Amino acid sequence: MCEEIKAVVQKHSQSPRHSKDDLNRLNQAIQQLTVEVDGTKGQPCEPERSRGLAALKAEGPSCSAKDKLDWLDAALQRAKQGVARQLQEYQELMTVKLGLDVEIATYHKLLEEGRLEMGLAARSVGKDTVEA
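Residue numbering for the sequence shown is 1 to 132, as defined by UniProt numbering.
These are calculated hints, taken from the structure and not from any lab test.
Listed next, the in silico SDA-like pairs over lysine to any residue satisfying Cα-Cα at most 20 Å (straight line):
1) Lys97 / Asp21
2) Lys97 / Tyr107
3) Lys20 / Ile30
4) Lys97 / Gln86
5) Lys80 / Arg25
6) Lys109 / Gly119
7) Lys80 / Gln28
8) Lys80 / Glu92
9) Lys20 / Lys97
10) Lys80 / Ala29
11) Lys20 / Val83
12) Lys66 / Gln32
13) Lys20 / Thr95
14) Lys66 / Leu76
15) Lys66 / Arg78
16) Lys80 / Asp70
All values derive from a computational prediction rather than experimental measurement.
Input sequences plus hints: build the corresponding full structure.
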């Protein structure tokens, strides 16, 4: 049973780590998109310069700076929603982890109390046999 608890704890302790990595990647993507949005404001449409704008390149010369800005704003919004979703999942995982930590601490305490009681019982049995 202790092995199962250790496996569950290890699994749940790795999940937040992965979520943190995902959050960091999404934050970097948001920062990159923000820089691209700021950099494209007031510039003519030149999709070949922007490596993240391959979808706009397919539109060709009909692309305007406003179209590019709208696309970047939409991408930024999607990235922010992704970060919010990841943060929510991370918080849920941390709640589960906290519950598991409390449960593990409880089992450890019960196990120690059981060992103490068994030790005291063994000592009292030993005293009874010595006195007899």
